[in-house]
Structure formats: C-alpha cells, structure tokens
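Going letter by letter, the first sequence gives residues 0 to 193 in numbering that gives the first Met the number 0.
I should point out that these hints are in silico values taken from the structure, not numbers from a laboratory. Just so it is clear, CB atoms sit at the ideal spot from N, CA and C, and this is done for glycine as well. A few of these clues could be false.
Claimed, not checked - Pair by pair, the computed Cβ-Cβ distance ranges are: (1) Pro120 / Arg29: 24 to 34 Å; (2) Ser8 / Pro121: 26 to 36 Å; (3) Gly47 / Pro160: 22 to 32 Å; (4) Leu182 / Ala140: 11 to 21 Å; (5) Asp13 / Ser183: 16 to 26 Å; (6) Gly129 / Pro170: 11 to 21 Å.
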Amino acid sequence: MSAQVLPESFYDRDVVEVARALLGMRLVHRLDGQRVSGIILETEAYRGEADLACHARAGRTPRTTVMYGPPGRAYIYFTYGMHWLLNCVCQPEGFPAAVLLRAVAPLEGQEQMQARRAGQPPHLWSNGPGKLCQAFGITGALNGCSLSDPTGELFIEAGQPVPENMVKTMPRVGISSVPEPWLSMPWRFVAQSD
DNA sequence: AGCACGATTAACT
DNA sequence: GTTAATCGTGCTC
0 MSAQVLPESF
10 YDRDVVEVAR
20 ALLGMRLVHR
30 LDGQRVSGII
40 LETEAYRGEA
50 DLACHARAGR
60 TPRTTVMYGP
70 PGRAYIYFTY
80 GMHWLLNCVC
90 QPEGFPAAVL
100 LRAVAPLEGQ
110 EQMQARRAGQ
120 PPHLWSNGPG
130 KLCQAFGITG
140 ALNGCSLSDP
150 TGELFIEAGQ
160 PVPENMVKTM
170 PRVGISSVPE
180 PWLSMPWRFV
190 AQSD
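Turn these sequences into a full structure, and let the hints guide you.
Listed below in structure tokens is the structure:
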C-alpha cells in the first residue's frame, strides 16, 4: 500500500481552497535515499498580482516566474539572507498564486531533521516556514520542480484530512507593511494539535 | 551601481 | 518585547 501523491489537479483551483485542503497532507523529501516527511499543520495563501502581500504584486520577474507556471510546482525562494521558504504553485498556468507551507509535524526521517536542526527539541524542528526547509534539507535547488511526481525528490501525499472544527483561520503573518484589505485577509490556516 | 527591505529565526533584555 | 544576522530582489538614479 503506497500513499497517493496529490495530482496536479489538486492544485488547479482557488489557492485559498488549496491552502485549507493541504492541512493533514504529507510533505515528503527524498534525501540520501531516505524519506523525510511530515504532516502539514499550517499554510498561507497568496493570490495574484492584486494581492499586495503576494510576490507577484510586482508582476512577472525572474523570481516570480514559477508562480505563473503550471500548478503543482514548488516555488522556493530565499529571504532575510538566510532562510529558504517552500510554496506550492496553484491555479491555472498564467495566474500567479501559491500556498506557503508554514509548519509540519515530523514523521519519517527524524534522525535527518535532528541532524539539521542542531540541538533543538523535536517540537521546534519544523514549526516555521524557514525551520521546515532547514529540517527537510529543502533549498532553491528544487525551485520549479513538480510536487505531483512520485518519482521526484519532493512531493506531497494524501493524508488524513483535518475536520472543519479542528481548523483555525487567521490573518497572514510577516506582512505588516501591506495595506488593507490584504493585511487582514483570513488566508492563514492552522490545524489544532489536540 | 547603489539602496532599502524582506511570506524569518534565535538570542537577547 | 527587541534586535542582529545576512543577501537576493526589485526599484531608483
């Protein structure tokens, strides 16, 4: 019984819907022939050039090109001079939108995570967008790769969907200089732990 | 060519 | 609660 990898069509719809639907799914990175994986617990949606919090607000640039491509690809970028952040490209090709993966619960390959998150306790390995990329060994080398290819290095498998009463919705974080209404859009989704 | 700032994190007071 | 670390990106000159 092998887990089902989410197909491109999963991502080919409104990015806010996808951000909600990704909760409970499983992020997998094949690293040194070993699976490093975790259950997605927190996401944020970034939608189109009109969304002033979205990188695509500046239009199509070298960095944002991947977001304009087909759904189901990884959009990975570098920020604050030291952190990689992982997104899933959504909606039809030509419309720039992506879901930022903000937190996952460690599952497989915990020795790998421990090694990459030197000295930190397990609950702090992947509870942030920069932290999860570090724990999983994800870098810009994977930018643009398909997340729907089961033979690829990085993909997302179907998991246990999170029921509605276990999902909290709130404004996105880290975008404090963005004007309304974008600042308050409830496009951040968090799965409750209990 | 130069500059301000960022979808963050960890280590402070 | 505050702040340094650190550099690619996009904007201005």
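CB-CB spacing for Ser183 and Asp13 relative to the 16 to 26 Å hint:
18 Å, holds
Check the following: the C-beta atoms of Gly47 and Pro160 are separated by a distance inside 22 to 32 Å.
Holds, at about 26 Å.
Status of the given 24 to 34 Å range, CB of Arg29 versus CB of Pro120
Holds - the Cβ-Cβ distance for Pro120 and Arg29, about 25 Å, lies within 24 to 34 Å.
CB-CB spacing for Pro170 and Gly129 relative to the 11 to 21 Å hint
This hint holds: roughly 20 Å between Cβ atoms.
Mind checking the hinted window 11 to 21 Å against the Cβ distance between Leu182 and Ala140?
Taking Cβ atoms as reference, Leu182 and Ala140 lie about 33 Å apart, which means the hint is violated.
Has the hinted range 26 to 36 Å been met by the Cβ atoms of Ser8 and Pro121?
The hint (26 to 36 Å, Cβ to Cβ) holds, given that Ser8 and Pro121 are roughly 34 Å apart.
The structure does not agree with numbered hint 4 stated previously, though it agrees with all others.
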